[in-house]
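S.K.: This is what each chain is made of:
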Amino acid sequence: MASVSVKNLEVSFGSLKVLRELNIDIRSGEFVVLLGPSGCGKSTLLNSIAGLLDASAGQIWIGDRNVTWEEPKDRGIGMVFQSYALYPRMTVEGNLSFGLRMAGVPKPEIARRINAAAELLHIENLMKRRPSELSGGQRQRVAIGRALVRDVNVFLFDEPLSNLDAALRTELRVELKRLHRELGNSTMIYVTHDQVEALTLADRMAVMHRGLIQQFDTPRTIYHHPANTFVAGFVGSPRMNFLKGRVEQRANSFAFVSDQFVQPLAQYNFVNATGSGDGAELGIRPEHIRIDPDQGTHEATVELVEPMGAETVVWCRLKKQTIGLRLEGDQSFETQQTLRLTFPEQRLNMFDSNTGDRL
Amino acid sequence: MTAIAAHETVLEASGPRPRQVSAARIGVYAFLITAALFFALPLYVMLVTSLKGMPEVRLGQIFAFPSAPTFEPWIKAWSTACTGRTCEGLTPGFLNSVKITVPSVIISIIAAALNGYALSFWKFRGANFFFGLLIFGAFVPYQVVIFPLIIFMREVGLFATLPGIIIVHTIFGMPILTLLYRNYFSALPEELFKAARVDGAGFWRIFFYVIMPMSVPITIVAIILQVTGIWNDFLFGIVFAGRENLPMTVQLNNIVQTTTGIREHNVNMAATILAAAVPLAVYFISGRWFVRGIAAGAVKG
Ligand SMILES: Nc1ncnc2c1ncn2[C@@H]1O[C@H](COP(=O)(O)OP(=O)(O)OP(=O)(O)O)[C@@H](O)[C@H]1O
Ligand SMILES: [Mg+2]
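Sequence lines, in order, name chains A and B. Counted the way the numbering used here counts, the first sequence spans residues 1 to 359. Counted the way the numbering used here counts, the second sequence spans residues 1 to 301.
Hints in this document: simulated from the structure, not taken from any laboratory. Where is the CB? At the ideal position from N, CA and C, for every residue including glycine. Check each hint, because a few of them may be wrong.
[To be verified] Rough simulated footprint, nothing fancy, chain A against chain B, three-plus residues with beta-carbon under 8 Å:
#	region
1	181–193
2	225–239
[To be verified] Which stretches of chain A does chain B cover? Using the computed rule of at least three CB atoms under 8 Å from a CB of chain B, they are:
#	region
3	73–81
4	94–106
Build out the structure end to end from the sequences listed, making use of the hints.
M.R.: Structure (structure tokens):
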């Protein structure tokens, strides 16, 4: 049992409330990623779960225990920090065993656990070295090992890969995923502001903004059915295109109407009522826009072409607005060329312009 | 190899080489040498005088090398020179100074390190106010607090005792040392402290196992500051130590000021060098460690 529940958590620094009324329920064995821009409170939430920050209101439950006021060591958590935070004057072995020595675990047991962790992380031959004699990737492995040996069910990662170069990041990302599978029933909460990391690692991900969880769902749902304009704009690269207009009822179906064009919404599934009626935003991802020379209803002029190998990003002017298209890399475009586009209805996302919520 | 060598000759830098010795350089060196001489000269005079016999001292040729070097004045300064009625030289003062300095240095450094540690890692309510108060303490002139402190010490029965003087030195070392440690600790990554908490170490264990091992460079700085400061102290020694525990500086003063008979300049010089020997040694020995410690601390990780 190692589910994690945060109930109405509030955390403040002095008069600044960084988190308020925050709720999240994480199932046992789940890999949850907290994604959000810098300063939105991800580390604060993670530190509160770890017990390194005091909550000013609310509760934190790990398993079936209320741990809101328990010491970090008693919460059954292991934590990996962005800066590795290895003890510089201890060897790798000393780093790994420190927590166990503090807990008074008998020596043979310490040795057994250290060896198991070292084997899992491929750091057996580094045991006698100091952290300063390790590479970035090796240090991060040791930091993960230090959490592993504690034999806990909940692992907290605070941007563990962000100090590494791109290649190493990809490699360790895969290893983390593998580790999660091999450990079986351990819950992992992973903070990042790298959306690729979030989308690839997460069973479910929570997108945070200004101390609030905007959406907590599977990466797939978050990507394809973002709950509001923030989530829609934050996840995905290049960004989702937003077009301003309004939703109008025409005959017996709805349509999105802007100054320049009309987009029927006959097949769009409205999750809420159609909103206030006046302000709406149409969102469509760059890769979902189709070029259709015959039936395309929206005429756009190519302004800039960015070939990226596997794909090409084309920036067009649609009347007064700029939109991006993500297309196969083998096509070529000229600037000032005119494209006829269609927006597949199933791929559309409608938002209320005032609240930003999905319609 | 030859190919590379050939390459190098081709790629000779063009234009004249930058001059190694410029006028500015010469000026700097001239200044440095003059300054060094200026400070070394008194030391030289002291040294040669302390090695002369009295007849030679009386000639007044202070720069002259001793014609027959003798250690007689040194021995006298150390063990038989008179201060008032007792004639035991500097020995008792030396021992007193050791008895005062060693505990004062150890206690003040441990206390200050703990202060700095608590202030920078266990941010309690009012920590900043407390720190501000301590720093304010660094700017209070000693003269202002001496008299109240005398009364306080007398009330608690520690006036003119060894523990008394040790406490005084510890108190007066606290502001600057705490500042030193706090600033050093606030530059250490906070995540390290958090990691230790997750690992289950408490206040003391984090201090001894994680923080102090990383504080070797700053501790050496603190030791240098405290040893030299306390060893050279005269004011607190004469006020708080009591007759039994007068430190070496006070005793040196008594030897030099003794008015009976003739002034034995050679003995005075020897006594002065002896009294200054400990701080000098600390500088020479720890200076090297100091640099090494700083360098080791600078390597990240
Ligand atoms: N010790 C502190 N004192 C005061 N404010 C703080 C403190 N720590 C964080 N904050 C504030 O709380 C907010 C959330 O910080 P937090 O570290 O949780 O952000 P984050 O989402 O982890 O960002 P990043 O991705 O940059 O790590 C920020 O606005 C920050 O300025
Ligand atoms: Mg953070």
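S.K.: All hints are to be evaluated individually against the structure, with a verdict given for each.
M.R.: Now for the hints, and whether the structure bears them out:
1. 181–193: holds (count 3)
2. 225–239: n = 0 at 8 Å, threshold three: violated.
3. 73–81: With 5 residues closer than 8 Å to chain B, the region 73–81 of chain A meets the three-residue bar; holds.
4. 94–106: With 4 residues closer than 8 Å to chain B, the region 94–106 of chain A meets the three-residue bar; holds.
Hint compliance for this structure: hint 2 is the single one not met.
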